[in-house]
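Participant: Starting from the known structure of chain A, fit chain B with the ligands onto it as the hints suggest.
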Amino acid sequence: MVRLITHNLLACHAKGCTSNNFPLAFSNVQIEIREAEFNPEFLKNFIPKIEWKALVDTARQLGDTSLPLEQPEMIDDDFLKNLHHVLLETHVEEGVMTCPNCKHEYPISNGIPNMLLAEHEIG
Amino acid sequence: MSRPELQAPPEIYYGDTEAKKYTQNTRNQQIQADMTYRALELLSLPEDEPAFLLDIGCGSGLSGEILDEEGYMWAGVDIAPSMLEVALEREVEGDLFLQDIGQGFGFRPGSFDGAISISVLQWLLNAETSHPTSSPPHRLNRFFTTLHSALKNPSRAVFQFYPSSDDQIQLITSIAQKAGFGGGIVVDYPNSNKARKVFLCLFVGGGGGQQQVPKGLDGEEGEDSKARFENRRQKTTKDKNGKRKNVKVIDRDWILKKKELYRKRGKESVPRDSKFTGRKRRPVF
Ligand SMILES: C[S@@+](CC[C@H](N)C(=O)[O-])C[C@H]1O[C@@H](n2cnc3c(N)ncnc32)[C@H](O)[C@@H]1O
Ligand SMILES: [Zn+2]
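In order, the protein sequence lines correspond to chains A and B. What the first sequence shows, in full-length UniProt numbering, is residues 1 to 123, in sequence order. What the second sequence shows, in full-length UniProt numbering, is residues 1 to 285, in sequence order.
Bound-form chain A, shown alone (with noise of 0.2 Å):
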């Protein structure tokens, strides 16, 4: 259930990680496409938000080439569907993310990232 428009926002959380830490590498994942509701106006409102080449290079990863590499300016249906399909269809259930600093690991199960830090990785 962590859907690509979650981890988009995610950053590694560890102690004194601060920069570089974005975006969690996904390794060893299972994905499942779930169909959402076509929502233009939440899509809209939400694109301001997004690190573009974060969200482009993990959809490639994941085997998803339907988005640009430049975010477009001219704003279409096609692109608002294929953004839609990446950003809330595309769930990853079973896997790590790795933060590219520190790599800490950030397993997934059950499609819930445990994002509990031990003791000494507290800020």
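Don't take every hint at face value.
What the hints assert, rightly or not - Below 25 Å or equal to it, Euclidean Cα-Cα: the simulated SDA-like pairs (lysine to any residue) are:
#1 B:K152 - A:R60
#2 A:K53 - A:H85
#3 A:K81 - A:P100
#4 A:K103 - B:S149
#5 B:K194 - B:P163
#6 A:K44 - B:P136
#7 A:K49 - A:D77
#8 A:K81 - B:E91
#9 A:K81 - B:K194
#10 B:K20 - A:L116
#11 A:K15 - B:P163
#12 A:K103 - A:H85
#13 B:K152 - A:H84
#14 B:K21 - B:Q7
#15 B:K152 - A:N45
#16 B:K178 - B:N153
#17 A:K44 - B:K215
#18 A:K15 - B:P136
#19 A:K81 - B:E47
#20 A:K44 - B:G206
#21 B:K215 - B:G180
#22 A:K49 - B:E69
#23 B:K178 - A:S19
#24 B:K152 - A:T18
#25 A:K53 - A:N82
The set of hints was computed from the structure by calculation and includes no laboratory data. All values reported here derive from a predicted model rather than from experimental measurement.
Facilitator: Relative to chain A, chain B with the ligands alone:
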């Protein structure tokens, strides 16, 4: 029975049995739903903008189901695996995270359009270990600071919680303020012992007093909820003869047994045992 947060750590208190009981109790569902609707009202989100919300201590998704119905997108975090499992079973739409809010968030700045939290904050007032990062002020500070940054400007975070003293309210609000939040406490039905509800309404930005602390509710509704609260109490803790039922003994042995069980079942994140495990839990004051 003393308050749940004084009995055991949250991920232990809300084990499989309690998580199911908590979620299936229709009266509890009703109360949590009422408070969720009220929290949404206090969030006062702009109507024409579909929002992305954070549910802090989302538990088994009782609030999340309402967020789904109301058409919000959301993510939820909770420290109790058993509660999250129930949320999965109930097929809520939001993304769920196993997370200790006292350790802070890693969400990028401005991620959420608002946050709600129903019946959770009082859990942050107990120290789990003697480690400095485990002290309530440290955890509250980490929580509010990282939450503040995860919220967009302007926005709000609304918490319903059960403080057990004015000092607790004072501690929480002062740390929230230091973290950059404006806002304050809203008390609904302040004159009703049982229906009284405390909300912490925090504001991000909005400058120049534009965001005003909303007024609490008062009057007759309070009487209704009062009756409801009283009924609930009788139902859950007393049987027909007025005897307590279902009083389970939560002591060190019981907690260690539970932790062992969780570890076996692959819940890796069970906190390590310490000499404090199973000690009497008291609020900081
Ligand atoms: C009374 S339940 C409320 C659940 C849900 N908000 C609702 O209204 O039904 C309290 C919840 O707070 C969670 N909680 C307590 N301390 C927490 C912490 N440090 N981090 C995350 N969740 C916590 C518990 O696991 C539990 O699910
Ligand atoms: Zn890191």
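Participant: So which of those numbered hints doesn't the model satisfy?
Facilitator: 1, 3, 6, 9, 11, 12, 17
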